[in-house]
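Starting from the structure of chain D, add chain A where the hints point.
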Amino acid sequence: MAPAGTPPVPQPAPEKSWHDVALQALKRNDIRLVPYVPDRILTTLIRNIHADPFFTTFPTAREEEAVGIVAGAWMAGMRGAVLMQTSGFATLPNVLASLAIPYQIPLIMFVSERGTLGEFNYGQSLVGRTMRPVLDSLAMEHHTCTRLDEFEFIADRSIKQAITTQAPVALILSPLLTGGKVFDK
Amino acid sequence: MSTAAGAPVRNTKVMSRFDLTSRLVAKLKHEEAVIGGIGNTNFDLWAAGHRPQNFYMLGSMGLGFPIALGVALAQPNRRVFGLEGDGSLLMQMGCLSTIAMLKPKNLTMIVMDNGIYQITGAQPTAAAAAADIVAIATASGLSNSAWAADEEDFERLVDQALSASDPTLIGVRIDDKPGVGATRRDPAQIRERFMLGLGVREAL
Chain D
0 MAPAGTPPVP QPAPEKSWHD VALQALKRND IRLVPYVPDR ILTTLIRNIH ADPFFTTFPT
60 AREEEAVGIV AGAWMAGMRG AVLMQTSGFA TLPNVLASLA IPYQIPLIMF VSERGTLGEF
120 NYGQSLVGRT MRPVLDSLAM EHHTCTRLDE FEFIADRSIK QAITTQAPVA LILSPLLTGG
180 KVFDK
Chain A
0 MSTAAGAPVR NTKVMSRFDL TSRLVAKLKH EEAVIGGIGN TNFDLWAAGH RPQNFYMLGS
60 MGLGFPIALG VALAQPNRRV FGLEGDGSLL MQMGCLSTIA MLKPKNLTMI VMDNGIYQIT
120 GAQPTAAAAA ADIVAIATAS GLSNSAWAAD EEDFERLVDQ ALSASDPTLI GVRIDDKPGV
180 GATRRDPAQI RERFMLGLGV REAL
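Sequences listed follow chains D and A, in order. Under numbering that gives the first Met the number 0, think of the first position of the first sequence as 0, with each following residue one higher. Under numbering that gives the first Met the number 0, think of the first position of the second sequence as 0, with each following residue one higher.
Hints listed in this document are in silico derivations from the structure and should not be mistaken for laboratory results. Among the clues, some could well be false.
Derived coverage of chain A by chain D (criterion: at least 3 residues anywhere in the stretch with Cβ under 8 Å from a Cβ of chain D; other residues may be distant) [to be verified]:
{"hint": "1", "segment": "96-103"}
{"hint": "2", "segment": "165-179"}
{"hint": "3", "segment": "183-191"}
Cβ-Cβ distance ranges computed for the label pairs, FRET-style [claimed, not checked]:
{"hint": "4", "chain 1": "A", "residue 1": "A187", "chain 2": "D", "residue 2": "R131", "range": "22 to 28 Å"}
{"hint": "5", "chain 1": "A", "residue 1": "M100", "chain 2": "D", "residue 2": "F119", "range": "43 to 49 Å"}
{"hint": "6", "chain 1": "D", "residue 1": "S124", "chain 2": "A", "residue 2": "G58", "range": "58 to 64 Å"}
Here the structure is a predicted model, which means the values were calculated and not measured. Just so it is clear, CB atoms sit at the ideal spot from N, CA and C, and this is done for glycine as well.
Pulled out of the complex, with its shape left as it was, chain D reads as follows (with noise of 0.2 Å):
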């Protein structure tokens, strides 16, 4: 409370996080199921999509599993969302290229990309490396999502093109988005 006779200094409006901005484009998309592999990037997200009853959301033992649990889900006729880091999605080529791709199953993948701008494992930095060429051997649409100011619309038209067009999407979340993860000790 500002103190009687000072005029209050004009706050703009506080501005929506990234996480806000996802969690918002998979309701307004309908996107209810969201299994996930955890990341330390993803742990608002995925709390606050656990405090959601909108939707039902889970950790999955492998992310090749979260794949196969959101293309029968969406066969049946719910959509989902798949949640993983650059390390998880490098387990995936043989799931996109003998089920997502050729049984033209929306995927929707939100991928948190380590291995870049401030990588302290040099293992991240090696497998963060074969993500895109992944992405492009496959010829998958993705998106390098790297701006607060441009996400939602990314967000919300790379999910909507997903389904529409019956072909998988990655949307890959840049530490400059996000903040990333840093070495801290």
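Just chain A now, kept in the frame of chain D:
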């Protein structure tokens, strides 16, 4: 209980995959969904007579139960059966824990256990030596798991599964024969027909 050599003692009859699949399909009167795992498992599902509610996997080994779980979550009022080989399940064992956590009452898993990778040249699976897949399922939290002693017992377990209030896993020992049919390898059409069969789509 194990033998001195470490191999599990089995009192279950060695049966035919095609015969058991046919017996299952004959019991499905309410448009139950069936997910056929990679290879012989879905070849025999195909050979047992195509149904609009059948889905046939052509790749993505190990994802039969996860796909079936997705169907079960999306349509909780429809009974869903997943058919997998033991080799496939070994590849994605974590899905048993996921299913036990979620407890979809409408999901039944049937594991066709011949102890071999039949389609690649009948090499023994790691589980063939000493592991017990039903015990693994039980320990994963799927308490409603059992080996079928023979064909009659299998039918009894399927009948129970059709009205179960917990996910069910049925292990069956099968012989080393290949599947008796071959699924038409047309993924887009398999997917579209399955969606029609589940009432998600209308035909163009």
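So, going through the hints one by one against the coordinates:
1. 96-103: holds (count 4)
2. 165-179: Our answer is that it is violated, as 0 residues pass the Cβ test (under 8 Å) against chain D, missing three.
3. 183-191: Contact hint for the segment 183-191 of chain A vs chain D: holds, 4 residues under 8 Å.
4. A187(A) <-> R131(D): 22 to 28 Å: holds, 26 Å
5. M100(A) <-> F119(D): 43 to 49 Å: violated, 33 Å
6. S124(D) <-> G58(A): 58 to 64 Å: violated, 30 Å
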